[in-house]
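A.B. asks: Start from the sequences and build out the full structure, keeping to the hints where you can.
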Amino acid sequence: MNVIFLAYRDWAINVFPVVQKHPKIGRCVLCTTHDELINLNLSDFSLLITCGWSEELGDEVASRIPAIGVHCAELDRYSYGSPLQNQIIDGLRFTKHRVFKFTYDKGSSRAHTHSREYSHEVDLDLSGNMEDILYQMTATSIILFNMFLDDYPEIVWKQWPAETAVRQKRVPTDSRLTKEDLLSMSTEDIYNFFRCLEDPYPNGFIEDEKGFLYIKRVAFKKK
1 MNVIFLAYRD WAINVFPVVQ KHPKIGRCVL CTTHDELINL NLSDFSLLIT CGWSEELGDE
61 VASRIPAIGV HCAELDRYSY GSPLQNQIID GLRFTKHRVF KFTYDKGSSR AHTHSREYSH
121 EVDLDLSGNM EDILYQMTAT SIILFNMFLD DYPEIVWKQW PAETAVRQKR VPTDSRLTKE
181 DLLSMSTEDI YNFFRCLEDP YPNGFIEDEK GFLYIKRVAF KKK
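One point on numbering: in our numbering, the residue at position 89 of the sequence shown is 89, and numbering is uninterrupted.
Among the hints, erroneous ones may be present.
With a Cα cut of at most 30 Å, we get these calculated DSS-like pairs of lysine-lysine [said to hold, decoys possible]:
hint, residue 1, residue 2
1, K179, K221
2, K179, K158
3, K96, K158
4, K96, K24
5, K169, K216
6, K222, K21
7, K96, K210
8, K101, K21
9, K179, K169
10, K158, K169
11, K210, K101
12, K221, K96
13, K179, K223
14, K169, K96
15, K158, K210
16, K179, K96
17, K221, K169
18, K24, K158
19, K96, K21
20, K222, K96
21, K222, K179
22, K216, K158
23, K179, K101
For the record, the hints were derived by calculation from the structure and aren't laboratory data.
C.D. replies: Structure, rendered in structure tokens:
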């Protein structure tokens, strides 16, 4: 089978060489931008695999090729953007990493990244610095895609329950803390806030009348 692999972050691109070697795959093409993707002849491919892709695929893609991705959250409330950051800030230590499928609603001409259908899952540990978590994301993505391809096309899709609670996608201005914010937070809260915003994400910063203090890396020890 011929496959497209869509990724742009380093941790996700590192998954590509392993997926490329899977015995069921013949041709495997890496795309790092949406323009590269739409310039391909999608009819030449059986499957689109996305990894760490945060944008909509669009109807011009999702209506023409089956597509899957990986999602790093167990609860539905974290399905709307920035799942790593929101879970870490909320104090979660363990979550799930899952293979999900994109759905295409012809009536709305929109590819939905959140189908609430998944096939394979593994545990994901959210402790440590962001580089530790992203290293683990590379490893678990490799495991998940290999499991999926081993079973393909006999995939059993499961449903995870919807929630009314929603954690919205974060924007760069959410990386700001004031000195007043710091006074209301524990040291562990502050640690979680800044570690989830380490590179490659917009770094957390403290602002006062003098300027901006950017925190690129943090460490924490419990008493």
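A.B. asks: Confirm or reject each hint.
C.D. replies: Here is what the structure says about each hint:
For the hint pairing K179 with K221, the CA-to-CA distance comes to about 22 Å; that is within 30 Å, so the pair holds. For a cut-off of 30 Å, the pair hint linking K179 to K158 is broken: about 45 Å separates their Cα positions. With a C-alpha separation of about 14 Å, the suggested pairing of K96 with K158 holds against the 30 Å cut-off. As the CA atoms of K96 and K24 are separated by approximately 26 Å, the hinted pair is consistent with the 30 Å bound.
The straight-line distance between the Cα atoms of K169 and K216 is roughly 21 Å, inside the 30 Å bound, and the hint therefore holds. Of the supplied pair hints, the one linking K222 and K21 is violated, its CA atoms being roughly 43 Å apart against a limit of 30 Å. Note on K96 and K210: the hinted pairing is violated, with a Cα-Cα distance of about 42 Å set against a maximum of 30 Å. Distance check on the hinted pair: K101 and K21 sit about 22 Å apart at the alpha-carbon level, within 30 Å; holds.
A hinted pair counts as satisfied when its Cα atoms are at most 30 Å apart, and K179 with K169 qualifies at roughly 24 Å. At most 30 Å may separate the alpha-carbon atoms for a hinted pair to count; K158 and K169 meet this at roughly 25 Å. A distance of roughly 48 Å separates the Cα atoms of K210 and K101; the hinted pair therefore is violated under the 30 Å criterion. Restraint check: the Cα-Cα separation between K221 and K96 comes to about 25 Å, which is no more than 30 Å; the hinted pair holds.
At roughly 24 Å between alpha-carbon atoms, K179 and K223 fall within 30 Å of each other, so this suggested pair holds. Only pairs whose Cα atoms come within 30 Å are accepted, and K169 paired with K96 is accepted, the gap being roughly 18 Å. Of the supplied pair hints, the one linking K158 and K210 is violated, its CA atoms being roughly 52 Å apart against a limit of 30 Å. For the given pair, K179 sits about 34 Å from K96 by alpha-carbon distance, which is inconsistent with the 30 Å threshold.
A C-alpha spacing of about 29 Å is found between K221 and K169, which places the hinted pair at or below 30 Å, so the restraint holds. For the hint linking K24 to K158, the alpha-carbon distance of about 23 Å falls within 30 Å, and the restraint holds. A C-alpha spacing of about 25 Å is found between K96 and K21, which places the hinted pair at or below 30 Å, so the restraint holds. Note on K222 and K96: the hinted pairing holds, with a Cα-Cα distance of about 25 Å set against a maximum of 30 Å.
Annotation: proposed proximity of K222 to K179 holds, straight-line Cα distance about 23 Å (limit 30 Å). A C-alpha spacing of about 39 Å is found between K216 and K158, which places the hinted pair above 30 Å, so the restraint is violated. Between K179 and K101, the direct Cα distance comes to roughly 43 Å. Violation of the 30 Å bound is thereby established for this hinted pair.
Hints 2, 6, 7, 11, 15, 16, 22 and 23, counting from the list given before, are not met by this structure.
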